[in-house]
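Participant: Single-letter residue listing:
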Amino acid sequence: MASVTFEHVRKDFGTTTVVHDFDLQVADGELVVLVGGSGCGKSTILRMLAGLESVTRGTVRIGERDVTQLPPRERDVAMVFQDYALYPHLTARENISLGLRLRKLAKAEIERRVSWAGEILELEPLLDRKPKQMSGGQRQRVAMGRAMVREPAVFLFDEPLSNLDAHLRGQMRHEIARMQRRVGTTTLYVTHDQVEAMTLADRLVVLEGGRVQQVGCPVDVYRAPANRFVAGFIGTPPMNFLDGRLERERDSMVFVSDVLRIPLPPELRPDPTPDSDTAVTLGVRPEDLALARGPSTADDPGPGSVRGQLVLTEVLGAHTHLHVEVGDRRLIAAVSSGSLPGPGQEVVLSMDPRRLHLFAADGSPLRPGSHEQNTDAQELGPEFEP
Amino acid sequence: MKRAAFYFLLALAAATFLYPFLWMAATSLKPPGEVGGLSLIPDQPTLENYRLMWARAPFGRALFNSLFVATTITFSVLVFGSAAAYALARLSFPGRRALNILTVAVLLVPAQLTLIPMYTLIVQLGWVDSYAALIVPFAFNATAILILRQFFLQVPRSLMDAARLDGMGELRILYTVFWPLAKAPLATVGILTFMGAWNEVLWPLLVVRDEQLMTLPQLLTVFSLGGGAGPRALATKLAATMVMVVPVVAAYAFLQRYFIESMASTGTKG
Chain A
469 MASVTFEHVR KDFGTTTVVH DFDLQVADGE LVVLVGGSGC GKSTILRMLA
519 GLESVTRGTV RIGERDVTQL PPRERDVAMV FQDYALYPHL TARENISLGL
569 RLRKLAKAEI ERRVSWAGEI LELEPLLDRK PKQMSGGQRQ RVAMGRAMVR
619 EPAVFLFDEP LSNLDAHLRG QMRHEIARMQ RRVGTTTLYV THDQVEAMTL
669 ADRLVVLEGG RVQQVGCPVD VYRAPANRFV AGFIGTPPMN FLDGRLERER
719 DSMVFVSDVL RIPLPPELRP DPTPDSDTAV TLGVRPEDLA LARGPSTADD
769 PGPGSVRGQL VLTEVLGAHT HLHVEVGDRR LIAAVSSGSL PGPGQEVVLS
819 MDPRRLHLFA ADGSPLRPGS HEQNTDAQEL GPEFEP
Chain B
0 MKRAAFYFLL ALAAATFLYP FLWMAATSLK PPGEVGGLSL IPDQPTLENY
50 RLMWARAPFG RALFNSLFVA TTITFSVLVF GSAAAYALAR LSFPGRRALN
100 ILTVAVLLVP AQLTLIPMYT LIVQLGWVDS YAALIVPFAF NATAILILRQ
150 FFLQVPRSLM DAARLDGMGE LRILYTVFWP LAKAPLATVG ILTFMGAWNE
200 VLWPLLVVRD EQLMTLPQLL TVFSLGGGAG PRALATKLAA TMVMVVPVVA
250 AYAFLQRYFI ESMASTGTKG
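In order, the protein sequence lines correspond to chains A and B.
Sequential numbering from 469 applies to the first sequence in my numbering.
Sequential numbering from 0 applies to the second sequence in my numbering.
One chain only, chain A, in its complex shape:
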């Protein structure tokens, strides 16, 4: 086991730079998830660590060892691929043990490790089958077994669950988490699926356009996104955004847009205080929007509330997503299921001003200065319950 360090790592493909100045320190035994949309450079970073892609500039270390120029087999890493990459002509047992045989381990030791992995991953009945005789989930477990028996310094997972159906994905997610905790190997995990990212990660690295947007533990990234991109990317359904401006009103600040007017509580006031009439974007998580009780008859729904037309309800079970058209934009509210208005009805959504996010025009967050951000009472959305 070992730590992993990226120092100013850059990757160019021809004239295109896909990873810019990437820095990351992964502690021994830590599980770090690289998350981002397609083309953000996450898989390239993983492949550079594995030695499957050259590094244009910078240094990659595993433990104290500079591995930047080493071939894959000398790096002591094992990888699980999206398409499993099992050798089709070999049985599960042969697939798992091949790397050990090539490293000329003693036969008894190979046997021991294969049965150890077989036991952890419940593979025993499958060991003599070939990949085409197995289901997707079973193949994925064999691929994990192949990585585990190597007892590598670092595990790499490259979107290992994307080819599985939703049910199996959830199950395999638990298995990966369980396996990683049990063997305690430093792990880098790449995914575009934020549920996977949030549930598995000790720390998240959010990437966009080959640049790191934020590094932090999942809850911190969710509660205090580093910029508008992260705010919109992490969270399902995504954060709602409203463009508007900040106005000074006596000694307080008010967010004003064409559909909403909401005074900011003192603890949310940005520091330094921006000029009056500064263009900003207000962000609010779907679960921080609530359905106001009873239809408001007044034209003005009141401060901190917006009026709109309910266009779609998605019942997910305990929770329901309400799609509400407000002016020319759509807001999504995540509320408890129950007796809810039907599509076409007019509704009023209210928001708790203490749970708002403010972003400047360049996407950077307008954070409160000396005021503590009141996030302790917040709850994560239902999707992120482990």
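Don't read these hints as lab results, they were simulated from the structure.
Quick caveat: nothing in here was measured; it's all calculated off a predicted structure.
One or more of the hints may lead you astray.
[Claimed, not checked] Label-pair restraints from in silico Cβ distances:
{"no.": "1", "chain 1": "B", "residue 1": "Leu-98", "chain 2": "A", "residue 2": "Asp-596", "range": "38 to 44 Å"}
{"no.": "2", "chain 1": "B", "residue 1": "Leu-152", "chain 2": "A", "residue 2": "Gly-785", "range": "43 to 49 Å"}
{"no.": "3", "chain 1": "B", "residue 1": "Tyr-6", "chain 2": "A", "residue 2": "Glu-590", "range": "51 to 57 Å"}
{"no.": "4", "chain 1": "A", "residue 1": "Asp-480", "chain 2": "B", "residue 2": "Pro-246", "range": "54 to 60 Å"}
{"no.": "5", "chain 1": "B", "residue 1": "Tyr-6", "chain 2": "A", "residue 2": "Gln-601", "range": "34 to 40 Å"}
C-beta: ideal position from N, C-alpha, C; glycine also.
Since the structure of chain A is already known, use the hints to place chain B on it.
Facilitator: Same frame as chain A, now just chain B:
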């Protein structure tokens, strides 16, 4: 009714292909008196023609030469051809594109055109009357490279990555991961190469004069040209032809599944 007519037509077509072959097999077993007939069953079957053939020319040696030359060529085309195909398909190096184009360009040059320069080369190398002259010019084959390259392009990249992480070098990846996946194209290339080498007659006639080094088709040609014209001579020549044909037919019978499969797929993929 329509179906019956269809089968009748198929049977007729099969008969036109099969009859000459069966007649040849039958006639090689006939005594001189029966040779002129069209019957497929000899009245008095005899192996005399085979004995005579064996006694008059070194057909045993020629059979060995043919087998040795064709097998060596096939083996070499598969080993070197797949290595070249692997490099052209899956490794990145300067000049790869140019080499790919060059490989295709080789196919555009008819073999007859290179016959004389190749002959001159063999003479200058002092390889006339040697196995090297029969084998080396055919040991590398552009068609084989193209067929295999096309297949190797379809092998998922992750499989190579997994093999590299498992500790394999490129040659091991080629021969232990790609080869087992490429059974059908390898079989096609193998059969085509073996048949080509087995039937080759023009080139051996040019570079081999020593009877002990002659291949079967070459010896057969020489034997046919000089073996007399009577019914006995004809039957003996047919016996020699049978010796040449039987191994190829046997190989085809064993490998026809691969052969048809890969001929069909190379058509669409290539």
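Participant: Does each hint fit the structure? Answer for all of them.
Facilitator: Outcome of the hint check:
1. In this structure, Leu-98/B and Asp-596/A meet the distance hint of 38 to 44 Å, their C-beta atoms being roughly 43 Å apart.
2. Distance hint for Leu-152/B and Gly-785/A: a CB-CB separation of about 46 Å, consistent with the stated range 43 to 49 Å.
3. Distance hint for Tyr-6/B and Glu-590/A: a CB-CB separation of about 55 Å, consistent with the stated range 51 to 57 Å.
4. Restraint check, Asp-480/A to Pro-246/B: a C-beta distance of roughly 56 Å satisfies the suggested window 54 to 60 Å.
5. For Tyr-6/B paired with Gln-601/A, a C-beta distance near 39 Å keeps the hint of 34 to 40 Å intact.
Every hint from the earlier list agrees with this structure, and none is contradicted.
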